[in-house]
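Chemist: Given these sequences and hints, build the entire structure.
The primary structure of each chain is shown beneath.
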Amino acid sequence: MIEIDLSQNALREANQRLQAVAADDNARRFLLRNPRGAHAVAAGLKAPIEVTIEGHVGFYCAGMNQEADVILRGHAGVGLAENMMSGTVRVTGNASESAGATGHGGLLVIEGDTSSRCGISMKGIDIVVGGSVGHMSAFMGQAGALAVLGDAGPSLGDSLYEARLYVRGRVESLGADCKEKEMTAHHLDKLGRLLERAKVSANPRDFRRYGSARNLYNFKIDNLGTY
Amino acid sequence: MSQRPKTPRTHPRASSIFDAYALSEIRRAAATGVYDIRGGGAKRPMPHFDDLLFLGASMSRYPLEGYREACNTAVTLGDRFAQKPIELKIPITIAGMSFGSLSGQAKEALGRGASTMGTSTTTGDGGMTPEERGHSTQLVYQYLPSRYGMNPDDLRKADAIEVVVGQGAKPGGGGMLLGQKINERVAEMRTLPEGVDQRSACRHPDWTGPDDLEIKIHELREITGWQVPIYCKIGASRPYFDTALSIKAGADVVVLDGMQGGTAATQEVFIEHVGIPTLAAIRPAVQALIDADMHRKVQLIVSGGIRNGADVAKCLALGADAVSIGTAALVALGDNDPRWEEDYQALGSTAGCYDDWHEGMDPAGITTQEPELAQRLDPVAAGRRLANLLAVMTLECQTIARANGKSDVRNLEPEDLVALTVEAAAMARVPLAGTDWVPGQGTF
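Residue numbers (my numbering), protein chains in the order written: chain S, 6 to 232; chain R, 54 to 497.
It should be emphasised that the hints constitute simulated quantities derived from the structure, not laboratory data.
Using N, Cα and C, we set each Cβ at its ideal position, and we do this for glycine too.
Some clues are possibly wrong.
Label pairs and their calculated CB-CB ranges [as the list claims (entries may be wrong)]: (1) E201(S) / R349(R): 53 to 63 angstroms; (2) A127(R) / L36(S): 46 to 56 angstroms; (3) R256(R) / E72(S): 23 to 33 angstroms; (4) K184(S) / R349(R): 54 to 64 angstroms; (5) V491(R) / E72(S): 57 to 67 angstroms; (6) M188(S) / R97(R): 51 to 61 angstroms; (7) G155(S) / Q428(R): 47 to 57 angstroms; (8) F294(R) / T97(S): 38 to 48 angstroms.
Which chain S residues stay away from chain R? Per the calculated CB distances, all over 12 angstroms, these [said to hold, decoys possible]: (9) S12; (10) G60; (11) D74; (12) R78; (13) E116; (14) D118; (15) G136; (16) E177; (17) K204; (18) R210; (19) R213.
Modeler: See the structure below:
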C-alpha cells in the first residue's frame, strides 16, 4: 500500500498521483493520511484502485468517481461522491448535505447519518445510509436507489422521477408527487441485493418503499396547487 | 323626411396599455388557465446598443486606414489559472444551447460555423454530443444545476468549463424542456423517461453561495488537472456584486447575459419582467473587475441581443473582452426564415415572430427533434452562413475600431461613445450626445 501524507504533500500532487494510475500499474492500493478537512480529496479518480482516507474531509470527497473503491474512515463534508459514475465510496462516519448528488452510478455507503438532500437529482447511483437522512432527500431523483436504515426528514422524494426509495424507520413527510408503493417480491429481492452489496445487515421486509406518483410528469393546470 | 345632422365620430382609438398583444394574452390566459411559455429573449422595447453612437476620429483622434492598417481581433480567454487558455481569432463566441432544445443538425452547424472562424461553441443542458465535440475545435462545456449528461470523461474533453449560475432570459429560473422534445435519445442522455416535461433545477444541487462556488471550482480544477479555463455565467440582475463574487470564487472568465438573451423555453412573464438589459449590466460588471484589479485578467464575455458588428464594438468599448451570440447565430442558420412563411402561418405565427420553440415544430428544423423537420437544415450550408455572419460582424467591428483609431478592437473605450437618450447615457455611463452630461453618476 502506498501512503500519501497530505500534511506533507499538496492535494494537487496526491490527486494527480491517484488520477494517473494506469490500467496495468501494479500499485493499486493507496492510503491518504491527514486530510484535515481538505476539499476535493480523491476527486476525479478513474481507475479500479483502492483508496483509504484516514481522517475527516471537506467538500466533494471522491467527486465524479469512476471505478475506484474509496473508503473514508471519518466524516465527510458537502457533496460526498457527487456525480459518481461507478465504483464504491464508503464512509464510516457521517456525511453532510448533498451526499451522492446527481450520481450516475456506483454504490455510496454512509454508515452514519447524512444531512439534507442526500441523493438529490440522483441518476443511477445506489445509496445506502446506515443512519438517518435529512430533509428533501432524493429531490428530483431520476434513477437508482436510496435505502435508509434510520429515519427520513421532511419532503422525502420531492418531485421524484424514477429513483426507488426504501426507508426502514420513520418518514417525517413525503414531498410533492412521492407516494408509498407496495413492496413486491421483486423489490424485496432488489433491496436485499443492494444491502448485500453494501455489506449492511438488515432485513428487506422491515423497509417501506416509496416512488413517484407520476402525476407531475407533464404540466397540468389541475395540479397547480401541488407545485 | 328630415335628416338628423350627423354627429362627427372620433376615430376608434386603441389603448396603448391594453394593446393588441396584451388583449390577446388576456384572452389566451382566460381560455387556458396556463401561463404562456415561449423561447427567445425579451421583446419589449428597452435601451439598447442602438442608443449609442461612436464618435469616430477627428482633429484630436487619428483613424487607421481601412483594409491596410492592422486591427487585431484575437483574444485570449481564461489565462488567470488555466494552463490551456482559449485562444479565439475573433471576439465573438457562440452561446450555450443544448442538444435537445436544438436538433443535432443545428448543433453541428454551429460547430462548423464557429470552427471556420476560429471561435468557440458552447454545450447546454443535457450534456455533450459526439457531433458537437467533433465539429467544434473549441468547445465550452456548460456545468448546470441539472447535471444532465454530466460526466467526467466529457468534462476532460472540454476546452473550457462554464459554471452556469444564471441566464439573462430568466435569472433565478431553471431550465425547461417540454415532453414534446424528450425523444428517445434526449431522454437517454438526461436519464429521464421519454416524453416527460424536463424541468431543470434553478439552483445547483451541491453548493449554495459564492464561498461554496469557490470550492466547487476548485474541485472542477482538480478533476481536470487545472488545464482548462473555468467560466462563470451570470444572468444580468446585480452585475456588480455577481461579477465581484465570481472573481472571488476563482472564475477565469465571467459571462454576463442580459435580459435580451434567449432561452429554449420559459414563461413569457419571466422573460419580459425579470433581469436587466444588457446595456445596463456591462459597466457595473466592468467596474467590479476594475475594483478587484482584474479587468483584462479575468475576461468578461457579454451576451444578450447582439446582432451586428456595431453591437460587438459597443460591448468591447464598454469594457468587455468578447461577446456571445445565440439568437443571431440561429437566425444565420435559418431560424424564422421567410421561406417557411406558410408553415409559420399554419402554426399561428409569422416569420420573424416564431418563438414557440418548446413545441418542437420549428419549420426551419432548428429547435426541433422531429427527424422530418430537422432534415430541412443542411448543417454544412448552415454552418457556412454562420461563418459568413461572424466574418461580417468582425469586419464591421474592425471598421468601427479603425475609425476610432484603434489597432485592436479591445482598445475601444467608453470615451469613443456617446448616447442618444438620457436612459442609455445613464446605463452606459457615457455622455449624452452633444453634451458632457453623464446622468446617474454614483455608486452602483
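Chemist: Take the hints in turn and mark each one as holding or not.
Modeler: Going through the hints against the structure:
A hinted range of 53 to 63 angstroms for the beta carbons of E201(S) and R349(R) is consistent with their spacing of about 58 angstroms. Roughly 48 angstroms separates the CB atoms of A127(R) and L36(S), a value that falls within the hinted 46 to 56 angstroms. Take R256(R) and E72(S): their Cβ atoms lie about 30 angstroms apart, and the range 23 to 33 angstroms holds. In this structure the supplied range 54 to 64 angstroms holds for K184(S) paired with R349(R), their Cβ-Cβ distance being about 55 angstroms.
At roughly 59 angstroms, the beta-carbon separation of V491(R) and E72(S) lies within the given 57 to 67 angstroms, and the hint holds. In this structure the hint that M188(S) and R97(R) lie 51 to 61 angstroms apart at CB holds, the actual value being about 54 angstroms. For the hinted restraint 47 to 57 angstroms between G155(S) and Q428(R), the CB-CB distance of approximately 54 angstroms keeps it satisfied. Checked against the hint of 38 to 48 angstroms, the C-beta distance between F294(R) and T97(S) comes to roughly 41 angstroms, which is consistent with it.
Every Cβ of chain R is farther than 12 angstroms from the Cβ of S12(S); the closest lies at roughly 18 angstroms, confirming the non-interface assignment. No Cβ of chain R approaches the Cβ of G60(S) within 12 angstroms, the least distance being about 18 angstroms, so the stated non-interface status holds. Against the 12 angstroms criterion, D74(S) stays outside the reach of chain R, whose nearest CB is about 17 angstroms from its own CB. Interface exclusion of R78(S) from chain R stands, the closest Cβ pair being 21 angstroms apart, more than 12 angstroms.
E116(S), annotated as away from the interface, keeps every beta carbon of chain R farther than 12 angstroms; the closest lies near 21 angstroms. Every C-beta of chain R lies more than 12 angstroms from that of D118(S), the closest at about 18 angstroms, which supports listing it as non-interface. Remark: the non-interface label on G136(S) is consistent with the geometry, its nearest Cβ contact in chain R lying 20 angstroms away (cut-off 12 angstroms). In this structure E177(S) is separated from chain R by more than 12 angstroms, as the shortest Cβ-Cβ distance comes to about 21 angstroms.
Its beta-carbon lying about 26 angstroms from the closest one in chain R, K204(S) satisfies the requirement of being farther than 12 angstroms from that chain. Non-interface call for R210(S) relative to chain R: holds, since the shortest CB-CB distance, roughly 29 angstroms, exceeds 12 angstroms. No Cβ of chain R comes within 12 angstroms of the Cβ of R213(S); the nearest lies about 23 angstroms off, and the non-interface call holds.
When each numbered hint is compared with the structure, no violation occurs for any of them.
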